[in-house]
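Asks: Numbering (this note's numbering), first residue to last: 1 to 240.
In short, the hints are calculated from the structure, not lab data. In this text the structure is predicted, and so the values were computed from the model without any measurement. Misleading hints may appear alongside valid ones.
[As the list claims (entries may be wrong)] Here are the in silico distance ranges between beta carbons for each label pair: (1) VAL220 <-> VAL159: 18 to 26 Å; (2) ARG82 <-> PRO6: 12 to 20 Å; (3) ALA116 <-> ARG82: 38 to 46 Å.
For glycine and all other residues, C-beta sits at the position ideal for the given N, C-alpha and C.
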Amino acid sequence: MRMSPPSLPRRTAAEFIGTAALVAVIVGSGIRADSLSQDIGVRLLANAAASALGLGLLIALIGPLSGAHFNPVVTLSEWWSRRRTGGSREVLAYIGAQLAGAVTGALLAEAMFGRAPGAWATEPRGALHLLLGEAVATAGLVLVVQGLRHIGRPGLAPVAVAGYIGAAIWFTSSGSFANPAATVGRAFSDSFTGIAPGSVPAFAAAQLLGMLLGMVLAGVLYGTRDAAAEPNPADARRTG
1 MRMSPPSLPR RTAAEFIGTA ALVAVIVGSG IRADSLSQDI GVRLLANAAA
51 SALGLGLLIA LIGPLSGAHF NPVVTLSEWW SRRRTGGSRE VLAYIGAQLA
101 GAVTGALLAE AMFGRAPGAW ATEPRGALHL LLGEAVATAG LVLVVQGLRH
151 IGRPGLAPVA VAGYIGAAIW FTSSGSFANP AATVGRAFSD SFTGIAPGSV
201 PAFAAAQLLG MLLGMVLAGV LYGTRDAAAE PNPADARRTG
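Let the hints inform the model, and build the full structure from the sequences given.
Replies: Here is the structure:
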């Protein structure tokens, strides 16, 4: 039996918890990998595998509640492509929850491994080629999300989105953060997955540019009429 969609506070809580869990997985697996091997390839493989598996499970678990965005880029692109009336309140609530969740998840990961929470990351990631990689990674993510909706297969998101992120961690120079909220959170961890605070604004700008590129590519491939007219897949899944 279908039940009414969760309230906005409940959906916002789901985004906070999901984003916190995702960033805890990313940062925690990076810390663990860093302690077990000095081989950068092994560390990257471990982090990519844990991040992809964790993301897929979280999308499957939380998708029926909030749509499992965990990412301001996904929230903004979904809102814009649907032209949702009165949706700006939800957008702001989601993004606020994602940012707070990302910082919480990073601090939690640091604490779990006995590290003093709150140490700023020191890894600079402001080189132009890294920003290009981040724009490409984010464009691909948006194209996957938009494409699944356009072809009527949103149920594949746990596998498709997680698979894409796992691959993009390897094929992009930036390591595929592809998420402004997670980027902010990772600035709070001086670890394998961290990013120096001074590099965050440029990374976020590259991610927003990638979002626009991904939306353009989705429009070229699938058109825009159906995207604006279709009901929200997240809403359609919100049943109990």
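Asks: For every hint, state whether the structure bears it out.
Replies: Hints versus structure:
no.	hint	in the structure
1	VAL220 <-> VAL159: 18 to 26 Å	holds (25 Å)
2	ARG82 <-> PRO6: 12 to 20 Å	holds (18 Å)
3	ALA116 <-> ARG82: 38 to 46 Å	holds (43 Å)
Of the numbered hints stated above, none is contradicted by the structure.
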